[in-house]
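Residue numbers (the numbering used here), protein chains in the order written: chain A, 1 to 284; chain B, 1 to 284; chain C, 1 to 284; chain D, 1 to 284.
Mixed in with the good hints, there may be bad ones.
Copies of the same chain look alike in the list, so a pair counts if it works inside one copy or between any two.
Cut-off 27 Å, straight-line C-alpha distance, at most; resulting in silico cross-link-like pairs (DSS-like, lysine-lysine) [to be verified]:
#1 K279 x K129
#2 K200 x K252
#3 K129 x K117
#4 K279 x K200
Because the hints were derived from the structure by calculation, they are not lab data. Predicted, not measured: the structure shown is a model, and the values here were computed from it.
4 protein chains.
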Amino acid sequence: MTTSTAILQLICPDRPGLVSQLSGWVADHGGNILHADHHTDAGAGLFLSRIEWDLKGFRLTREAILLSVDSLANKLGGKVQVSFSDQLSRVAIFASQQSHCLLDLLWRADNGELPMKVPLVVSNHMDLKSLCENFGVAFEFVPIESDRKEDAEIIILDLLKKYQIDLVVLAKYMQILTGKFLEEFSQVINIHHSFLPAFKGAQPYHRAWERGVKLIGATAHYVTEDLDDGPIIEQLIANVSHRDEVNDLIRKGRDTERIALARAVRLHLRCQVMVYSGKTAIFA
Amino acid sequence: MTTSTAILQLICPDRPGLVSQLSGWVADHGGNILHADHHTDAGAGLFLSRIEWDLKGFRLTREAILLSVDSLANKLGGKVQVSFSDQLSRVAIFASQQSHCLLDLLWRADNGELPMKVPLVVSNHMDLKSLCENFGVAFEFVPIESDRKEDAEIIILDLLKKYQIDLVVLAKYMQILTGKFLEEFSQVINIHHSFLPAFKGAQPYHRAWERGVKLIGATAHYVTEDLDDGPIIEQLIANVSHRDEVNDLIRKGRDTERIALARAVRLHLRCQVMVYSGKTAIFA
Amino acid sequence: MTTSTAILQLICPDRPGLVSQLSGWVADHGGNILHADHHTDAGAGLFLSRIEWDLKGFRLTREAILLSVDSLANKLGGKVQVSFSDQLSRVAIFASQQSHCLLDLLWRADNGELPMKVPLVVSNHMDLKSLCENFGVAFEFVPIESDRKEDAEIIILDLLKKYQIDLVVLAKYMQILTGKFLEEFSQVINIHHSFLPAFKGAQPYHRAWERGVKLIGATAHYVTEDLDDGPIIEQLIANVSHRDEVNDLIRKGRDTERIALARAVRLHLRCQVMVYSGKTAIFA
Amino acid sequence: MTTSTAILQLICPDRPGLVSQLSGWVADHGGNILHADHHTDAGAGLFLSRIEWDLKGFRLTREAILLSVDSLANKLGGKVQVSFSDQLSRVAIFASQQSHCLLDLLWRADNGELPMKVPLVVSNHMDLKSLCENFGVAFEFVPIESDRKEDAEIIILDLLKKYQIDLVVLAKYMQILTGKFLEEFSQVINIHHSFLPAFKGAQPYHRAWERGVKLIGATAHYVTEDLDDGPIIEQLIANVSHRDEVNDLIRKGRDTERIALARAVRLHLRCQVMVYSGKTAIFA
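Construct all of the structure, not just a fragment, from the sequences and the given hints.
Right, dumping it as structure tokens:
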């Protein structure tokens, strides 16, 4: 029953007539727009648009769409991306020893809730191997020695190529990717266990407990070289009280982490996130 | 610094090309679209659209816009409404003895947060007279005798005409408007002190307390003849525990009530609410 | 590092001196109170108390505690229950075809987050068999034919005896237990997919969608013969908008369902829930 | 109908028997405990207790209570405080130009929701004078010149003495109190417009907007010399999106600010907050 759709995401300098131009282009080729969402950042002088239309009856082939859209982007001096809803993203999940985010993502993929295929899990520990096997996912053990991290990253980059990965999700991976890695592969979503920018860095729950905060949070964000400074996709909080020990914060945090991460991944996979000026616009 | 904008709201049978047609119409007359939001209800076969554009440089007069848009609506077999951001709605607030929602709305109007003018408060009690005087708002005392309610409503309808009221907000008015009243004046927003459809009718906090719920709510909705069944605009909840007595529910509820009501009124005044099939689409 | 504790839960008619009497009894036998929480329901004239103390150094054996506490309850005309934190409850989970609540509970048990042992899953469908096998839990298939429900319930009651079950959790079981069953086994927690008392009964998400609510909920409650009227333990909500189809409500609801259910089960297992007058007091 | 109660708050080194000792003391003098709440901070080795009992029928005078409790505190090596529910705190509110928190607190006091008397408002601007007059509260204008702040603080301290103030609430005062001031008068609650420790210092909404967070917050805390580092009493958040400009954050923030502040003040006035190790325990 679900039809295939095309999704166009455009960022370009703002000027009058853009909505009309984009929607006119879709209509001219027989497309029926299902969702259209736009945003103008007046300060940055930018126009952002996401248009999704039914491919049934659309008179351009996918190749022709890509060509036509590229020329449009050139004309507008902007950047454009087209995705097709029936082409599932191939996602690699990186994990360490904690299972909650990994299990959650695998279950949601199985479930159809996350439109993705997970062919690969990478981990620096062996703990989650059997969990991956239960879901029929390849588990690749790549230990990280702190003084030979680049060697490990080379192995991992090879795996990403071999498995044709589109997106990496850090599901409590607890390792920092180098700038070099990110240059090679930049589509990476991370979950940080605090409401950023509070408690950047290590042991946020311990520090939250020491500070005596009344709420803890989790932040899903794109990974950039500046640790915990990437564009934020989703944030979620939970209430805590003086009765909560650090372990309770960790326990409560697991629920905010996995839900914030799953929401962020879903938004990304459905092409509902656009990044600009170090932030995101979420067209949901 | 703020410019005047025009806002078009359209509901019509869905068909391909509508987004393009609407945005094309704006662009053709030199308008720059600031916000465009659409929704298709596949089940109902309806297309809903809200487009807001800058009036600066737009080549049609306001009268010409109204004419042109009417002819568009006819062609599409739909209903259309155009509003101008610089024409403040004239709002009458109906209250009874509780001050929290009334004070909140008057303060937000004063404050510029709610784009409205409040020339009139109607009440069946005298309690809130001086509050209104503090804000320089006319206070009209219209007592309601249960067997002569229609007489009171005739007086009220006259006041609405005299003060050229566009919208009535029931700020804990605790009186049910008759179908006859609503036929004469139908733009009415109410705040009900429960998360509808739970606890319709009288004394929702008492019944919530008896039931032992763990959360209470407030619902802002358009008023229809069927009590508490009108289209919902906004809902908000608060957590409660066994330690809360009925009075605590009432106290906590005041905050959810006034915030839910203020949000709903703001959405309405900014033409961000569209009603169809007994529900609302909120273009926020 | 964790010590074993004893937990006393008492409900009795209110009168002065009860807190002192209970805590004095603990102190007199060398117990160190770790948590003490009390509640007086003035309307019902009832006193509720939960006291947890360290068993290390306590001078009564567990048998002597039970005897002593029983005589105390008799004297006070109340009901008392004593639990020991190191005696894990044996929990049977009843499921149908949806996996989210079942998987979540099994994972949390594995994880140590829920202090319970799950020796048994009962289902009227085969879908979740392999999930149970992954966790090493016995899966018993007991189909329900609508005209022979009592036969199925007899089989199930036998399983509960065989596996020495203390608590049954209905994890989206989608079957109504008869009054007869509940007479035999009354410790049952259910998750209902609405914020009760709204949308009691079947298909709450469909009805929520039709009503156009702006928030959906989930309610974990003890099961009583009156469907969806049992004492509420936990409620959770999620925001929805006009863009959400029924399927989106179902998807969003899964997260509220599993978290509300897990919280309720945890509260029950830690003896933090006390039931009286059709409601619960939560000592958390 | 409401009876007068006494509230004892104790912090002392933890040891067995404290709950029994305290509740025994109340019972021995004929007191009926209405609320009793305790907390043990195992790491700090501290026991915190809040006990509230009915004064009706209690056999000690208020003076005798104070004496008796002092000797108890000495024996336990702890700190104790006794308050009586019928002795309303005298609160001074400090404000600047924004009205929302001030209006909210005055309304809640009027309303009986906050058990306090507000004899005095201090401000460094004239804007809120008439608001105070509407509520019959003395408005004292004390301008702050940055190089003569101490002179202003001396005037303010005199006002606090003159009006016999127990608690100062900074309702968006936008001025930093000096350490010298706090030495003279230390009971001060502030509202900071971020979820601390994120965005300490100036212009938190601007910085939140630049960072692209998806939620903003407000933090009510006791004031200490280290700016924004005082013990946190209450935190509240609101969701924001890319559509929100800085002004929208400020607008949305007003609601979280006034509610977080009102809750914190209420908790303080009801003696439900205990401060230790730079944090608070909230006995609510």
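Now the hints, each set against the structure:
no.: 1; hint: K279 x K129; verdict: neither (35 Å within a copy, 41 Å between copies)
no.: 2; hint: K200 x K252; verdict: both (19 Å within a copy, 25 Å between copies)
no.: 3; hint: K129 x K117; verdict: both (18 Å within a copy, 24 Å between copies)
no.: 4; hint: K279 x K200; verdict: both (17 Å within a copy, 21 Å between copies)
Of the numbered hints stated above, the single one contradicted by the structure is hint 1.
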